[in-house]
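Knowing the structure of chain P, use the given hints to seat chain S with the ligands on it.
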Amino acid sequence: MSDVLAVVDHRRGSLRDVSYELVTAGRELAGGDELHVAVVSGDVDRFAEKLDLDGVDAIHTVDYGEEFNHDVYLQAVEQLYADLEPGVVLLPNSVNGLDYAPAVANSLSLPLVTDAIAFDTDDGLDVTREMYGSKVETTIEVDAEPVVVTVRGGEWPAAEANGGADVVPFDVDIDESAVRSTVTGFEEVGGGDVDITDADVLVSVGRGIGEEENLDLVFDLAEALDATVSSSRPIVDNGWLPKNRQVGQSGKVVTPDVYLAIGISGAVQHVAGMKGAETIVAINTDPNAPIFDIADYGVVDDLFDVVPALIEAFE
Amino acid sequence: MKILVTVKEVAEVEDDFEIDGTSISESSLEYDLNEWDDYAVEAAVQIAEAGDDVEVVAVTIGPERSEETIRMALAKGVDRAVRVWDDAFEDVDLLDVESKTDVLAAVAAEEDPDLVLTGVQAADDSFGATGVSLADELGFEWAAVVNDLELGEDTASVRRELEGGVEELTEVELPAVFTIQTGINEPRYASLRGIRQAQRKEIAATGLGDLGLDASVVESDLRLTEMYEPESESDVTLFEGDAEATAAELATVLREKGVGAE
Ligand SMILES: Cc1cc2nc3c(=O)[nH]c(=O)nc-3n(C[C@H](O)[C@H](O)[C@H](O)COP(=O)(O)OP(=O)(O)OC[C@H]3O[C@@H](n4cnc5c(N)ncnc54)[C@H](O)[C@@H]3O)c2cc1C
Ligand SMILES: Nc1ncnc2c1ncn2[C@@H]1O[C@H](COP(=O)(O)O)[C@@H](O)[C@H]1O
Chain P
193 MSDVLAVVDH RRGSLRDVSY ELVTAGRELA GGDELHVAVV SGDVDRFAEK LDLDGVDAIH
253 TVDYGEEFNH DVYLQAVEQL YADLEPGVVL LPNSVNGLDY APAVANSLSL PLVTDAIAFD
313 TDDGLDVTRE MYGSKVETTI EVDAEPVVVT VRGGEWPAAE ANGGADVVPF DVDIDESAVR
373 STVTGFEEVG GGDVDITDAD VLVSVGRGIG EEENLDLVFD LAEALDATVS SSRPIVDNGW
433 LPKNRQVGQS GKVVTPDVYL AIGISGAVQH VAGMKGAETI VAINTDPNAP IFDIADYGVV
493 DDLFDVVPAL IEAFE
Chain S
-9 MKILVTVKEV AEVEDDFEID GTSISESSLE YDLNEWDDYA VEAAVQIAEA GDDVEVVAVT
51 IGPERSEETI RMALAKGVDR AVRVWDDAFE DVDLLDVESK TDVLAAVAAE EDPDLVLTGV
111 QAADDSFGAT GVSLADELGF EWAAVVNDLE LGEDTASVRR ELEGGVEELT EVELPAVFTI
171 QTGINEPRYA SLRGIRQAQR KEIAATGLGD LGLDASVVES DLRLTEMYEP ESESDVTLFE
231 GDAEATAAEL ATVLREKGVG AE
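From first to last, the protein sequence lines are chains P and S. First residue of the first sequence? That's 193 in this note's numbering, and the numbers climb one at a time after it. First residue of the second sequence? That's -9 in this note's numbering, and the numbers climb one at a time after it.
Hints listed in this document are in silico derivations from the structure and should not be mistaken for laboratory results. There's no promise every hint is true.
With a straight-line Cα cutoff of 27 Å, these simulated DSSO-like cross-link-like pairs (lysine-lysine) come out [stated by the list, open to error]: (1) 247/S - 467/P; (2) 191/S - -8/S; (3) 467/P - 435/P; (4) 444/P - 467/P; (5) 247/S - 444/P.
Note that the structure is predicted; figures quoted are calculated from it, not measured.
Same shape as in the complex, but just chain P (with noise of 0.2 Å):
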């Protein structure tokens, strides 16, 4: 195909996974052609030993400031891109990567294609992503080079072993005038007393339940299955669960034996939180819900039907 730009992700002194999944993702990409790595931030030689990774041919570093920062992060990549001229600049698809993605993308007046999770690269570039909340798939062709692509995390498995790549310092020249914004900390939410990654069956309730006073049924439900009660997303927002007991890409990661997904149609985020557990059951009246794509079991019916009848099975 063509050079190919991958721009890892980093948080407080660690890479994070997507990092490693964009080096897989890159070389799929650059065919035969050239695969640079770009870190910015942080402890930059650190981080290039570890992305030192098969069919990565060369790490460029830019040593400039800790975190993250949109407008750091911005003119480093204008620059690279502008030293390299790939014909793919990819990007993760992280809350990150959508922070400074979309305005690489203006600025170099680049189309944009964001959250692929799979490439066909026979005959030019056709991106596969998903549309209505994981309902669909769709195909989309790109008709022009180069182009930014952001990957969703968790679709290419994480490249591996010693490439003997290049390190090249990239020498930078940050307008800090452009720096408008300034991260000041960090903070961890969701602490408390429930721990829900270490349960080992999770009755986890969805938007499907309609009204926060039917949330009685799944915590019977619970009682009756020794379990505990976690959610997807819209209960945390609506304020009728704690942020602790949230699953997901914004809140836990669980992996209990046993996950019964009770109204919950599986979007990715949710997703994400949840797929590594042991035995997946999921109750649904959507039968096209992208839950049963990964489920084990499922039932597609009514919940207040179902749970009900689970409860006396159980009594």
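Showing chain S with the ligands alone in chain P's frame:
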């Protein structure tokens, strides 16, 4: 102060749906205000209610049908709306981020807002990108995935919701674009009075020409060429029958997995 809120009417797919070429057949779609934009509207209206002389203007790119949805935003306290549409939009399968950015930026140029709020993502095509792209186009500062916002004189203090229950605390110079995350507030229901008042509020139908743009703004290097139902990754065992029967089957499986054993 003027706040511009971008709002989109999004299509929700019914349980049973049919794909017709590269789109979902109209009969399987229901329309609603994008969930994330509902929170952005609420954030804007709360700022207006707390301040003096704050105007909230909603902007949408959408067909006439979307006025019903946009009126809901007006009923919740938005002062007026701008709806951009043109024949040129009718034929595009996919309005990409670049096109949306150019159109919304043209509206922003006319309105000259001090603050722009968007949703984190549109629930239908979920690019998750329009707000930040628009910020770059306008030369505004920005923050993506904001779940707390406090406006100061020249800066705003925001929390950005990162992955894994970590929040980033950031000071952002104004003017800025913030992409609003669900849970930042409790979106109100429109009151009867609000709904009545909304009938008298303006939704200015605006063409590309009115904005000094032409049909070339919808041109894109991206083409939507296929749409299909994803293949299942697991071999799900579905239990059928009435609730009593399926619950009994579920109970058997759960007991096998050791659930409920004291
Ligand atoms: C940056 C970002 C981070 C996010 N982080 C998270 C996260 O950490 N966790 C998370 O969960 N989400 C997260 N989300 C939100 C996510 O995109 C979805 O909006 C959310 O997961 C949907 O929750 P849900 O499945 O409960 O609701 P819906 O998607 O509304 O699904 C409700 C389901 O209930 C079913 N249903 C309705 N009535 C019944 C009934 N009577 N019986 C049985 N079934 C019924 C419906 O068929 C539907 O499938 C995030 C989004 C973004 C953009
Ligand atoms: N057609 C549109 N009209 C107005 N605003 C839009 C439109 N599409 C997207 N937006 C805004 O941009 C946000 C992010 O959308 P997207 O980048 O498409 O996921 C949405 O939450 C809206 O606030």
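Status of each hint after checking the structure:
Proximity of residue 247/S to residue 467/P is assessed by CA-CA distance (about 17 Å); at most 27 Å being required, the pair is judged to hold. Only pairs whose Cα atoms come within 27 Å are accepted, and residue 191/S paired with residue -8/S is accepted, the gap being roughly 17 Å. With a CA separation close to 19 Å, the supplied pair residue 467/P and residue 435/P stays within the 27 Å bound. A C-alpha spacing of about 12 Å is found between residue 444/P and residue 467/P, which places the hinted pair at or below 27 Å, so the restraint holds.
Taking the CA atoms of residue 247/S and residue 444/P, the gap is about 23 Å. The hint holds against a cut of 27 Å.
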